[in-house]
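Enquirer: Starting from the known structure of chain A, fit chain B onto it as the hints suggest.
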Amino acid sequence: MTKVEAVIQTSKLDTVKDALHEIGVEGMTVLEARGHGRQKGHTEFYRGREYTVDLIPKIKIEMVLADDMVEKAVQAIVNSARTGKIGDGKIFLSKIDDAIRIRNDERGDSAL
Amino acid sequence: MRRQLFQRIAVLLLLLPFAPMILEAAPSHYLRTTAAMVAPEISVERLGAVEHAAAAAQSSGDNAWMLTSTALVLLMTGPGLALFYGGLVRKKNVLGTVMQSFGMMAVITVIWAVVGYSLAFGQGSAFLGGLHNLFLRGVGVQPDPAYAATIPAQTYMMFQLMFAIITPALITGAFAERMKFSAMLVFLTLWSLLVYDPMAHMVWGKGGLLNASLGGRFPTLDFAGGTVVHITSGVSALICALYLGKRLGYPKENMPPHSVVLSFVGACLLWVGWFGFNAGSALASNGLATSAFVATHFGAAAAVVGWSAAEWLTHGKPSALGAISGCVAGLVAITPASGFVSPMSALAIGLIAGVFCFWMVTTVKSKFGYDDSLDAFGVHGAGGTIGALLTGIFASSAVNPIFKDASGKTLASGVLEGNVHQIWNQAIGVAIAWTLAIVGTLVILKIVDAVIGLRVSEEQETQGLDLSQHGEEGYYWETSA
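Chain order of the listed sequences is A and B. Going by the working numbering, 28 is the number at position 28 of the first sequence; the sequence numbering is gapless. Going by the working numbering, 193 is the number at position 193 of the second sequence; the sequence numbering is gapless.
The shape of chain A in the complex, shown without the other chains:
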């Protein structure tokens, strides 16, 4: 089992979600997040006062997948979330020890 964490542009949520559904991903958790990488925010002006907004609104998608799904999911996200400009986001992969379905104690891949 692998956890896929993708930080993407807020405007890309719908296309990424659709792409993941298409390849058969059944569940995901979506978080509204704020952060920055190399993009480093933008400036705003209020009555001549300049404010630097360095934490930009982002969307973070989390899902845990069976290992044979991971590469397909990564490709789906990359293809649907890419604009080619700075700020498109990142994907992190990590190993997961186990999963438990609360409703009926199922464990492992069948709990996903």
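One should not assume that every hint holds.
Quick partial rundown of chain B residues pointing at chain A, CB under 7 angstroms, derived from the structure [as the list claims (entries may be wrong)]:
#	residue
1	Asn-254
2	Pro-256
3	His-315
4	Leu-321
5	Val-361
6	Thr-362
None of these hints come from the bench; they were simulated from the model. Beta carbons: idealized from backbone N, C-alpha and C, even for Gly.
Expert: Just chain B now, with coordinates in the frame of chain A:
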């Protein structure tokens, strides 16, 4: 039988629409004799009755407009100013901010009924009214001819009350996000009695020092309250900002407005309400009211253009906050001038005020480093001052023949007409307003600070006024709700 009856009725009904024509065709001398028989004689009593009816009709028209104007001016404070200021603060202080304006609507009303109106508009000295109208004694439905001959004295009293409400409410922009609610109530109540009422009496009261229409020593042209409302509140705001000090974290921390949308709604309500403020200051539904109405609108629009253009040129983008700030600056500046200036002069005043206030708010404030949080001084103090001076320049006797010589001949009003001396009268009015505001505000701040303390604690300021002063939150969004 029956059928005949129906036929006759039907014929009658068909003829009915032609009745006037048939009557007209009748020999005209019949009608004339009848008319002559019922025509009453022209008599003194009858003329008196006609005069009375005409006066009642004018009074009815004037009172309708003045009651409408009164409601419009209340609308400027709540929700207008409350939303304008409420949107500019951080979201933890939104209720604390709207409650400052709303608190004035309640507290100043009570004070006004008991003593305020008498101090401002009662018979008194050149500086302050007396106590003749304490508890509104003698203020009934009969007009007070010294102020407004065609509307009930109570209408005038209510109209003036709305001005007394919004003026201290304007100051709250300077100490936003850091003053105790209790201290704010005490401070502004005292301020209303010791600064506003004397200033209103001097400019508008019977025998007031600066009253242009009731024979003041230094006739200052102030149609709707540039000195009384905007300079006093704006300058007092600056004193408050300096006395209270900066907000925690200012200017290092980002403190952007939490909702420019709320401010936008508030500014538009201010614009609309200002028609009551300025056009209502004609105290009648007449040509002067229309003239003030036109000047008000033109001044506001030109100031939006002025501020936005200045911002666009210097910062690259015309912001929504800039546009609505310009609108308020223009309305402030045109306030003393409306009712004295032509539409073209109003455009000029608005344009100048828009650019000037933009410069005050963006450049001067940061240079001096004071934390006038919502720019009460930069907009009202600066806009009010420039507006009062420009009134002396642009005032036109064709719009409002305010100055007359002993024989009743109209004299020149403003500098452009040749009355160069008027700029000095305006400057005296401005100087008195500044002085009274500075001294009065400092004294009251010292007293209130010593007795109950002005500022919230650091902990309360960090928590926000909503929770620390009122025990509630403006936006309570639970994710599961």
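Enquirer: Which numbered hints are broken by the structure, listed smallest first?
Expert: Violated: none.
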